[in-house]
Structures are given as C-alpha cells and as structure tokens.
Amino acid sequence: MEITNIETIPGKRITTHYGLVCGSTVRSKNAFKDIGASFKNMFGGELKNYTRLLEETRQEAISRMIEHATSLGANAVVNVRFATSDVAAGAAEIYIYGTAVRVE
Amino acid sequence: MADLITWGIWISLFVFSFFIGTYREKAHFKNLVEREKTLVLLPALTMKFAEDRAVVKTELVMGSVVIGGDFFKQVVASLASLFGMRISVAEAMMDRARREAVLRMKEKAMGADAILNVRIEGLKIGERKKITGIEAMAYGTAVYYAK
Amino acid sequence: MKFEPNYSENNVNVPSHNHFREFIRLTLWLLGIIFGIYFVLGYAADRFAERLPPKFEAAIASGITSRFDHGDFPRTSKYLQKVLDTLVTSAEGLPPFTYKVSIHDQPAVNAMALPGGNIVVFKGLLSELKSENEVSIILAHELGHYAHRDHLRGLGRGLVFMSIMTALGLSGDLPGFIAPSVQTFDLKHSRDRESAADLYAIDLIARAYGYAGGAIDVFKVLARQEHGFKRPDIISTHPDTLWRMQTVANYLQQKKYPAGSIRPLPESGVLPFPDDKKGKPGVVKLGVGPS
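Protein chains in written order, with my numbering: chain A, 1 to 104; chain B, 1 to 147; chain C, 1 to 291.
No false leads were mixed into what you were given.
Derived coverage of chain C by chain B (criterion: at least 3 residues anywhere in the stretch with Cβ under 8 Å from a Cβ of chain B; other residues may be distant): (1) 7-19; (2) 24-34.
Derived pair list, reagent style SDA-like, types lysine to any residue, alpha-carbon separation capped at 25 Å: (3) K108/B with N6/C; (4) K2/C with M1/A; (5) K82/C with Y257/C; (6) K12/A with N6/C.
Calculated from the structure, these hints are not laboratory results.
Predicted model, so just to flag it, every value in this text is computed and none were measured.
All C-beta atoms in this analysis are idealised placements derived from N, C-alpha and C, irrespective of residue type, glycine included.
Modelling step: build the complete structure from the supplied sequences, incorporating the hints.
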C-alpha cells in the first residue's frame with residue numbers, strides 16, 4: 001500500500017479512485033506513567049512516553065485507513081492529511097484521511 | 001443513608017444512560033450506513049483534480065454536526081484515561097460525528113459529480129474533564145462536469 | 001482516471017461496539033489497583049499509628065478537638081470525668097495522656113475517641129444512659145480504642161484513602177461508586193476494632209469495680225435506638241448490635257465476672273444533669289474518629 005500526501009504517486013498512473021477513506025484512534029495517556037511525566041515537566045526534555053504513545057496511535061490510525069482502502073479494492077492512498085483533536089482530558093484523537101486510488 | 005441515595009441515583013443514571021446511549025448509537029450507525037449507500041455515487045476526494053473533464057460549475061459545500069456524549073461514555077472514558085489505552089466509546093463518537101459531517105456535506109452537493117479537496121476537522125466542545133460534545137466539520141469543493 | 005463506487009460496511013474505526021464489557025474490565029482493573037495500594041499503605045499506616053509517640057499525637061490533637069464545641073454542662077462533665085479517672089487508674093496498656101471527657105451538644109447517639117486522650121460524648125447518648133455502670137462501659141469502650149490505638153488507625157486509613165483518591169484524580173465527579181466500595185470494605189476492619197474495644201471495656205470495668213453488670217444494658221440502649229432503622233450489616237461501621245450483645249454476653253460467661261449491683265446515677269438520675277431537653281435520637285454509633 002502506497003501512501004503519499006501529494007496529489008499523485010510519481011512515476012505511476014492513477015487509473016481508478018474510490019473516494020474518501022479514513023482511520024481514527026482515540027488513545028489516552030496512562031495516569032500512572034503520567035506521574036513520571038509531571039516530574040519531567042519541571043526540567044523539560046523529551047517526554048518519551050508521550051512521543052511513543054502518539055507514534056503508536058498514528059501508526060494504528062494509518063493501519064485502519066489502509067484496512068479501509070483495501071476493503072474498497074484500492075492499492076494506494078494519495079493526498080493524505082492528519083488531523084488531531086482532543087476528545088477528553090488526557091486523551092487525543094488521531095484522524096487520518098485521504099483518497100483511495102488504484103495505481104499502475 | 002444519604003450515601004445509599006447518592007449511590008442509587010448514580011447507578012440508575014448510569015444504567016439509564018447506558019441503555020439509551022447504546023440504542024441511539026446503534027440507530028445512528030444504521031442510519032449512516034443507509035445514507036452512505038445512497039450517496040456512494042458521489043465521491044468525496046482529498047485530491048485537487050480527479051477526472052479530465054470540463055467543469056461547468058463549482059461550489060463550496062460543508063457539513064457539520066455536534067454529537068453529544070452521555071454519562072456512561074464519560075465514566076468509561078475517564079476510567080480508560082487512567083490506564084492509557086484506546087477509548088472505544090470515544091472512537092465510536094468521533095466516527096459517528098465525522099461520517100455524519102461528510103454525509104451532510106454530500107447532501108448539500110446533491111447533483112454534483114464529485115467533491116474535491118475535502119478537509120475534515122474535529123473539535124471538542126465542553127469542559128476539560130468531560131466529553132460534552134464533539135463537533136466534526138467537513139468541507140470541500142463540489143464540481144459539476146459538463147455533460 | 002475513473003471513479004469506481006465501492007462501499008464497505010465493515011467499520012474499521014470502531015472495532016467493538018461492546019462498551020459495557022470495556023467498562024467492566026476497566027472497573028475491575030481500577031478496583032484491583034486501589035485495593036492493592038490501600039492494603040499496603042493501610043497496613044503501613046496501622047504500623048505507624050502504633051509507634052506514633054503520644055507527645056506528637058497530643059500536638060496534632062488540638063487541631064481536631066477544636067472542631068467540637070464543648071457543651072455547657074460543667075457538673076455533668078465533672079461527674080463523667082470522675083468516672084473516667086476511676087477507670088484510667090485501673091486501666092492497662094493506655095498511652096500516657098491526660099484523659100479528658102467533654103460533652104458535645106448534639107442529639108446523635110454517639111461517642112468518640114479523639115487523638116490526644118479527648119473523649120467526646122454526644123448529649124443524645126448521655127440522655128439514654130440510666131446508670132453509672134452504663135456510663136463507665138461507654139467510657140471504657142472509648143479507652144479501649146486508645147489502648148488499641150484505633151483512633152489513630154482511623155485517621156491513618158482515612159488519610160491513605162483520601163490520598164489514593166486524590167492521586168488518581170477521582171475525588172471529583174467520576175467514579176462515584178468506587179469510593180463507597182472501598183469504604184464498605186474498610187468498615188469490616190472498623191467493626192473488628194469496635195468488637196475488640198467492647199471486650200477491653202468489659203475487662204476494664206471488671207477490674208475497676210470488681211463486677212461487670214450493666215454491660216448488656218448499654219447495647220439494649222443501642223438496640224432501642226436502632227429499632228425502625230436498621231442498616232444492613234455490611235454498610236455499618238459498628239457490628240450489628242445484637243451480635244455485639246451476644247459476643248459480650250459470651251465473654252462475660254467465659255470470664256465469669258460477677259454481675260454485681262447497679263450503681264444509680266447521682267442527683268436526679270438523668271444525664272446530662274437537670275433542665276436539659278432530651279435530644280432526638282440520631283444515627284446509632286459509638287465510635288472512633290470524627291464522623
């Protein structure tokens with residue numbers, strides 16, 4: 001599955017398009033791990049837990065979008081956009097959407 | 001005794017909102033699937049160009065919706081936020097909101113051939129701790145091809 | 001590029017619609033964690049309470065005792081103090097406090113042992129007492145709490161409970177059901193302490209007076225109060241009164257304490273002493289710690 005955030009997949013020709021596909025995940029932080037993060041907050045620096053959490057979440061959203069695209073018969077998703085919103089306290093939604101296409 | 005009353009109110013509210021919330025969610029999903037099927041011929045695309053045909057008319061269309069959370073969902077979401085995991089109640093809410101927004105956008109563009117360059121936004125409405133409501137908004141350019 | 005309309009009914013973004021199962025799983029996890037922390041810290045608080053030096057305790061006591069305004073019953077107080085002093089001289093294993101008793105002008109049938117040796121007896125309970133034997137049982141019961149350091153345990157456990165709740169940010173709106181369930185569990189602990197204090201009281205008055213009559217009568221007072229409003233055993237901080245009477249009766253038989261005579265109350269035979277209205281009975285309780 002090829003995914004791009006430009007209009008096309010360079011070097012390939014889009015033959016068919018299937019419309020909008022999307023994947024979303026809502027994940028929350030871990031309150032117990034968060035105690036560690038609040039200590040780090042005093043001194044700054046990367047919050048590795050959070051970086052990893054968001055990375056995993058994005059990955060999951062992407063794989064959901066891929067699943068959606070595959071079920072429509074597509075083999076690529078072009079012009080992909082990420083959107084993130086907070087749903088509840090300490091929880092973030094990762095939303096990814098794009099156009100499912102078939103390329104040759 | 002006062003504890004018992006508070007407890008009782010809490011539990012009945014919880015159970016009540018669970019049943020009503022589940023019923024409404026199921027109904028909404030069913031409704032979404034039906035409407036999506038009827039509108040499947042109108043594609044929404046994130047691309048700027050789709051087909052090499054002359055365009056006679058373009059129009060900005062948008063659709064938005066606010067989906068409210070119920071007491072049960074709030075409790076489950078705040079429980080889940082302790083453990084750092086997926087919050088499936090919120091996922092279902094977001095999914096409903098986004099699909100509804102896209103559908104409303106499509107319904108505004110009845111008769112068009114495609115909606116191009118679609119963007120979808122999400123927004124939380126309410127206080128910090130609660131899921132009062134979730135707004136989803138979709139917008140794009142509806143194009144009408146020359147016949 | 002042509003368009004191919006396909007539709008997939010499989011919803012990839014909402015894998016499960018069974019929110020209730022998720023709720024149950026989360027609740028069980030949370031309860032497990034809270035109980036775990038509570039057990040460990042509660043145990044630590046108990047151990048700590050047993051070792052807390054009395055001087056330090058007296059220092060923190062003033063903050064708590066000031067919450068109870070001392071009713072104006074100087075003569076009754078003096079009488080209660082006399083009974084208490086008699087008990088204290090023959091008591092064993094008490095921390096070295098100056099034990100004081102004060103009367104709280106509230107209709108509740110209650111008495112409590114506050115840190116630093118301050119016993120508070122509610123007016124509602126006093127007005128139910130018919131003899132000196134009963135007065136001394138009540139006071140001896142509270143002394144029992146001091147001997148077992150229960151008054152501090154109550155504080156320690158309460159503190160642990162509050163800290164867990166605050167740490168998890170649960171003190172607010174969210175799981176209103178979790179606090180009661182942990183508390184319910186803790187009440188079992190509290191009931192065991194009450195029973196231990198009962199037996200201590202019997203031993204104490206038997207040593208102080210040479211007989212243990214009137215012990216059962218106190219519980220009859222409590223049973224009368226409970227009539228018409230009996231809380232289920234599991235949510236009460238104190239053991240079911242009938243069960244307590246039974247335990248005390250068995251203990252009396254086992255120890256073979258003589259029943260002895262009933263010592264009447266001085267003056268008009270009512271507490272608190274004259275021209276006091278009899279308060280309405282409240283929740284039946286005879287306990288430790290602020291309630």
